[in-house]
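Starting from the known structure of chain Z, arrange chains R and Y on it as the hints suggest.
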Amino acid sequence: MFIRNCWYVIAWDHEVLPEALFSRTVLGEPILLYRTANGSVAALQDRCCHRAAPLSRGRKEGDSVRCGYHGLKFDARGVCTEAPGMDAPPAKACVRSYPCTTRNKWIFVWMGDAERADPALLPDNFSNDHPEWHYQPGYFHYETPQALICDNLLDFSHLSYVHEKTLGGSQAIAQARPEIESIPRGIKVSRRVPNVPPPAYYQRMKTFQGMVDRWFIYDFVLPGTLLMHSGGRPVEDAPDDLSRAIRLHSCQTVTPETATTTHYFFQQSHHGTSANPEVVQIIYNALIAAFNEDRDMITAQARNIAL
Amino acid sequence: MFIRNCWYVIAWDHEVLPEALFSRTVLGEPILLYRTANGSVAALQDRCCHRAAPLSRGRKEGDSVRCGYHGLKFDARGVCTEAPGMDAPPAKACVRSYPCTTRNKWIFVWMGDAERADPALLPDNFSNDHPEWHYQPGYFHYETPQALICDNLLDFSHLSYVHEKTLGGSQAIAQARPEIESIPRGIKVSRRVPNVPPPAYYQRMKTFQGMVDRWFIYDFVLPGTLLMHSGGRPVEDAPDDLSRAIRLHSCQTVTPETATTTHYFFQQSHHGTSANPEVVQIIYNALIAAFNEDRDMITAQARNIAL
Amino acid sequence: MFIRNCWYVIAWDHEVLPEALFSRTVLGEPILLYRTANGSVAALQDRCCHRAAPLSRGRKEGDSVRCGYHGLKFDARGVCTEAPGMDAPPAKACVRSYPCTTRNKWIFVWMGDAERADPALLPDNFSNDHPEWHYQPGYFHYETPQALICDNLLDFSHLSYVHEKTLGGSQAIAQARPEIESIPRGIKVSRRVPNVPPPAYYQRMKTFQGMVDRWFIYDFVLPGTLLMHSGGRPVEDAPDDLSRAIRLHSCQTVTPETATTTHYFFQQSHHGTSANPEVVQIIYNALIAAFNEDRDMITAQARNIAL
Chain Z
0 MFIRNCWYVI AWDHEVLPEA LFSRTVLGEP ILLYRTANGS VAALQDRCCH
50 RAAPLSRGRK EGDSVRCGYH GLKFDARGVC TEAPGMDAPP AKACVRSYPC
100 TTRNKWIFVW MGDAERADPA LLPDNFSNDH PEWHYQPGYF HYETPQALIC
150 DNLLDFSHLS YVHEKTLGGS QAIAQARPEI ESIPRGIKVS RRVPNVPPPA
200 YYQRMKTFQG MVDRWFIYDF VLPGTLLMHS GGRPVEDAPD DLSRAIRLHS
250 CQTVTPETAT TTHYFFQQSH HGTSANPEVV QIIYNALIAA FNEDRDMITA
300 QARNIAL
Chain R
0 MFIRNCWYVI AWDHEVLPEA LFSRTVLGEP ILLYRTANGS VAALQDRCCH
50 RAAPLSRGRK EGDSVRCGYH GLKFDARGVC TEAPGMDAPP AKACVRSYPC
100 TTRNKWIFVW MGDAERADPA LLPDNFSNDH PEWHYQPGYF HYETPQALIC
150 DNLLDFSHLS YVHEKTLGGS QAIAQARPEI ESIPRGIKVS RRVPNVPPPA
200 YYQRMKTFQG MVDRWFIYDF VLPGTLLMHS GGRPVEDAPD DLSRAIRLHS
250 CQTVTPETAT TTHYFFQQSH HGTSANPEVV QIIYNALIAA FNEDRDMITA
300 QARNIAL
Chain Y
0 MFIRNCWYVI AWDHEVLPEA LFSRTVLGEP ILLYRTANGS VAALQDRCCH
50 RAAPLSRGRK EGDSVRCGYH GLKFDARGVC TEAPGMDAPP AKACVRSYPC
100 TTRNKWIFVW MGDAERADPA LLPDNFSNDH PEWHYQPGYF HYETPQALIC
150 DNLLDFSHLS YVHEKTLGGS QAIAQARPEI ESIPRGIKVS RRVPNVPPPA
200 YYQRMKTFQG MVDRWFIYDF VLPGTLLMHS GGRPVEDAPD DLSRAIRLHS
250 CQTVTPETAT TTHYFFQQSH HGTSANPEVV QIIYNALIAA FNEDRDMITA
300 QARNIAL
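Chains as they are written, first to last, in numbering that gives the first Met the number 0: chain Z, 0 to 306; chain R, 0 to 306; chain Y, 0 to 306.
No lab work stands behind these hints, which were simulated from the structure alone. Computed from a prediction, not measured in an experiment: that's the story for all the values here. Ideal Cβ placement from N, Cα and C applies to all residues, glycine included.
25 Å max Cα-Cα, derived DMTMM-like pairs, lysine to aspartate or glutamate: (1) Z/K164 - Z/E292; (2) Z/K72 - Y/E292; (3) Y/K187 - Y/D117; (4) Y/K187 - Y/D123; (5) Z/K72 - Y/D154; (6) Y/K91 - R/D150; (7) Y/K205 - Y/D236; (8) Y/K164 - Z/E81; (9) R/K59 - Z/D295.
Chain Z regions said to be covered by chain Y (calculated; three or more residues, Cβ under 8 Å): (10) 22-32; (11) 41-51; (12) 68-75.
For reference, chain Z alone in the conformation it holds in the complex (with noise of 0.2 Å):
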């Protein structure tokens, strides 16, 4: 029961190298990606159409991949082209072919109707790849059903008890009430957090001497994506006053594995003409922390689901 006509994030751009075959399963279907000379990425069901052996066992032949277990070959279509010991292979014989699509560091694949792939439903997560913002990637695999983590993404009051030592620090995120629109395919969220302490990775990357204003801004979007501009600034500084303000910016997204596991894709970006490494450092430990807080709580509760 999973929502096919969409674009799912299945990989970040650099785990899929030139000459390797990489397996992901989406939507528990196994999937083959690799790069075609121009650099494209080809994405194949991971599973011969002869025997069902993965193809990502087998080995790349220029643009196609033959098969490890009795040699059959498909090209980047995937159609078979030589089939060991056949003067032709079938005419029949091919693996299915996902839309694919790269943008902005996330690789994508259309799981519904080829024809419905249409990349304006790509999501706009440009801080993955912009000169003025800086991250690190991140990836988490849970074993947990993909909703619950949407669950989590959609209410950020959580941050006051789960994250309350990490991106939190003070209940007052939890009190204050989420203005909610909507939006195609989504919801926009806009939390306002006026006159609260840093939390402590703020407290790392400057020095603030006094409470501080925050917002969280995002937008969610089907089938599992948060892009969201978040921060802080000292109380005392003017609304349109940024010079001392945290600015970041964020792309979150989670993509079923298979009906009870998740992969979870993200990064937080902070805002400069340049990257500050050790401000890129700090966030990213502070989310990797964070998350595993997240992790713990929503494996948890799927535990308890479940019982």
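For chains R and Y alone, kept in the frame of chain Z given last:
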């Protein structure tokens, strides 16, 4: 398919510390235990009514517990008294609370209709807390259904074979026919075994020159508690002379964790005006060795049944 | 859904020691093997008819076995001859016994109707016990259904790809078309591959200067046994000249443990008036390496099918 209207042991008294949240699953239901200011134990469903997170991952606030996911607060009756971001929590927000009582070091929960919870139905586990009986408490986790352990406790002929080198020591135990009487909610089993060698652990406690008469007299009461007087004395002593006898009392109980896993709480006491730490240790060591023999056999039996 | 009226290999002869109880599950049924005084092997259901405990956790008493749980004793036909605490065991108390025979180092059990057990249906595994054939016996456990391994053994085109660097060495093996004939309870497969480089393990046995003609001639008979003559000789030698050839005979058989797991017994012998221990080791090492390649591929295939 559990018996519900009865008391189940959920923990040893010492397992629930004053400031901690303790969680254990009984009959497939996760249950949170914690102590209120007056020292009594609150037992709540360990599953927040909001998003099913375990309350045991939250924190204790006075006599209440706050969920660690989105911050809902529940009192010791399970009533939600605070929901962050709301002026007042929804009127019906609550988690189930369980009748809970402590008797002689065992904490019991009543898993059925609360109004039927009757302290008169608690088993007579007196030796768990008696100045003349001394023991070290034991706990095992079983990866088998509860019924197979009850089955084990109901037929002590297994002492001759499973416990040949630990608690048994003679095939005569299996040969002896027990008397069995009906008692409220259970049976009384009396097995007397005359003129046998003392088992290995008797020999570690006292010096026996010759044969002993042994006895095992126990009540087995639903849902799964064994209360046993046992012992042995030199065959040459008069029947009413216990001066050279070994006298033991044992309380053992099995509580289903789920349909396929079980909690086993046990002790075996020796009688004396004061504890003999060496004897406590000898008996405990013999029990641990023997109960591992039982668990190995019952686990193998369960595996066979499941094949 | 197993084929039942046939012989399955349950063990290598050397696995069942004179005084020990040996247990292995076949077609989901746990089976106890032990040797009686005359050296023959008794095969009993490894599940006491009393409380389902494995008899293999009990002890051998002469030609009988005594259950280690409550002490019931069974003779080699599976008849209960003693039940502790009873004057005589119940008349019907027994465990199933299986027709069992040893032929050329393989111990076979008949899993169907005992009266249909026919030694004439045993496969001709002669090289397991022949003065001119020499080998080291092998055993693998598979976490896959038996049928996938039969599937593997029925199509040697996989040698070119799965075993490219071990048993194969040329794509010509896959290109060669085998002749297939029907035989009783199976098929005969003849694959001849002229003029190919000798595979790596041939080179370790002898010095080949040039190309070889290779052959793989095997019977595959139900429920899952491969009996194969194979080898290679320099292309320049006359067809009837085997003086410089490598001649091998292999017996391999797969027995379902359960519906999803399998036992694999195998050997590959070389021919000679006496064993050459070095050659035995070279062949065994090559088999282990290659059969691990098979198991990796088949396990990945099974995982794909199960997704």
